[in-house]
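Residue numbers for the first sequence follow our numbering, so the first one is 420 and each next one is one higher.
Derived from the structure by calculation, the hints contain no laboratory data.
Bear in mind the structure is a predicted one, so any value in this text is a computation, not a measurement.
Certain hints may be false.
For each label pair, taking beta carbons as the anchor points, the in silico distance ranges come out as [to be verified]:
| hint | residue 1 | residue 2 | range |
| --- | --- | --- | --- |
| 1 | Pro594 | Glu436 | 20 to 26 Å |
| 2 | Gly720 | Thr425 | 49 to 55 Å |
| 3 | His690 | Thr462 | 20 to 26 Å |
| 4 | Arg439 | Ser676 | 46 to 52 Å |
Heads up, the beta-carbon is just placed ideally off N, CA and C, and yes, glycines get one too.
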Amino acid sequence: MLEGETVHQEVRQWFRETARELPWRGDCPPWGVLVSEIMLQQTPVVRVRPIWEEWMARWPSPAALAAAPPAEVLRAWGRLGYPRRALRLHAAAAQIVERHDGAVPDTFDELLALPGIGTYTGAAVAAFAFGRRETVVDTNIRRVHARLVIGQALPSPSLTAAEMALAAELLPEDPAESVEWNAGVMELGALVCTARSPKCGLCPVVEQCAWIAAGQPEPAYVPKGQPWAGTDRQVRGAVMAVLRAADSPVQAELLWSPAVELTADASHTGHPGEVAAALDRLHGLNTHAPQLQRALSGLVGDGLAQLSEAGYHLPH
DNA sequence: GACCCGTGGGA
DNA sequence: TTCCCAAGGGT
Numbered sequence: 420m421l422e423g424e425t426v427h428q429e430v431r432q433w434f435r436e437t438a439r440e441l442p443w444r445g446d447c448p449p450w451g452v453l454v455s456e457i458m459l460q461q462t463p464v465v466r467v468r469p470i471w472e473e474w475m476a477r478w479p480s481p482a483a484l485a486a487a488p489p490a491e492v493l494r495a496w497g498r499l500g501y502p503r504r505a506l507r508l509h510a511a512a513a514q515i516v517e518r519h520d521g522a523v524p525d526t527f528d529e530l531l532a533l534p535g536i537g538t539y540t541g542a543a544v545a546a547f548a549f550g551r552r553e554t555v556v557d558t559n560i561r562r563v564h565a566r567l568v569i570g571q572a573l574p575s576p577s578l579t580a581a582e583m584a585l586a587a588e589l590l591p592e593d594p595a596e597s598v599e600w601n602a603g604v605m606e607l608g609a610l611v612c613t614a615r616s617p618k619c620g621l622c623p624v625v626e627q628c629a630w631i632a633a634g635q636p637e638p639a640y641v642p643k644g645q646p647w648a649g650t651d652r653q654v655r656g657a658v659m660a661v662l663r664a665a666d667s668p669v670q671a672e673l674l675w676s677p678a679v680e681l682t683a684d685a686s687h688t689g690h691p692g693e694v695a696a697a698l699d700r701l702h703g704l705n706t707h708a709p710q711l712q713r714a715l716s717g718l719v720g721d722g723l724a725q726l727s728e729a730g731y732h733l734p735h
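Given only the sequences and the hints, what does the whole structure look like? Please build it.
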């Protein structure tokens, strides 16, 4: 077992000296923290940052976002990926207005009840926006714990109760210290204790690391990849790119067939060049009909797109 | 628990 | 170039 006090002190000092200055850290309203946490789900900081800045300027409160049309929210989401996060964030904003008088709730349970907020995000917002003592466990923290305490190269494929128990055990009693510990371990995982080629030479707790002590054993399993080429997700992404670029409904025929593409552009205001380019990319996939149908139905079913007589478009 | 959901930068 | 994977959540 590790020497708790030393590890906590080393991580705290390292964090204060090394941490990135991120706009949603420090003096940031809870709404900004919430938006950042949703955007950061499975998405790197460098890509979130500019979009987050735009959102804060455009929708500085839950009420502001709740009043925006879903289509505008999806367009503003840009290419962050997993666009249903944008829809859920929009729905969360509406719920905050309706049930919490427009103020981001400050407890884990209330946050967890909002759409798009799970155990990680609920704990993270409660901790980082409101200074609460919460067991925050994300992919970075899981990996650091796996190496530092357990001595394994990677955490288990899915989050286990044992990991939550360990994280709770390691959490400092003092709320302020617990917040900094959570942020510090997360930052350590993001900058030093990375998934591939960790920078152990820069690690403040390398002396206490069980994985180093064990001789840096290989992972006990092979992480399963995320297939992409030829999947429905790829097709959905290509369709979404078309709809984001188009300000008006896109004729279904244009999505199905490159043959009628030449007659298309004039019907779309805004960014006809981008619409044409996105259509080219979709057609370049040579998607089979059942797959495109599945993708379109899926997008409509998820509320990301609507189908009218004029064609497919982002939801009003 | 297994599976699905986007995107792009870096190794 | 191909592969990995990133502050997860919902079903």
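Note whether the CB distance of His690 and Thr462 lies within 20 to 26 Å or breaks it.
Because 24 Å falls inside the window, the suggested range holds.
Starting from the range 20 to 26 Å, see whether the pair Pro594 and Glu436 falls in it by beta-carbon distance.
Given range 20 to 26 Å: holds, Cβ gap about 22 Å.
CB of Arg439 to CB of Ser676, is that within 46 to 52 Å?
holds, 47 Å
With 49 to 55 Å as the target window, see if Gly720 and Thr425 comply at their CB atoms.
Once the Cβ atoms are compared, 52 Å apart, the range 49 to 55 Å for Thr425 and Gly720 holds.
When each numbered hint is compared with the structure, no violation occurs for any of them.
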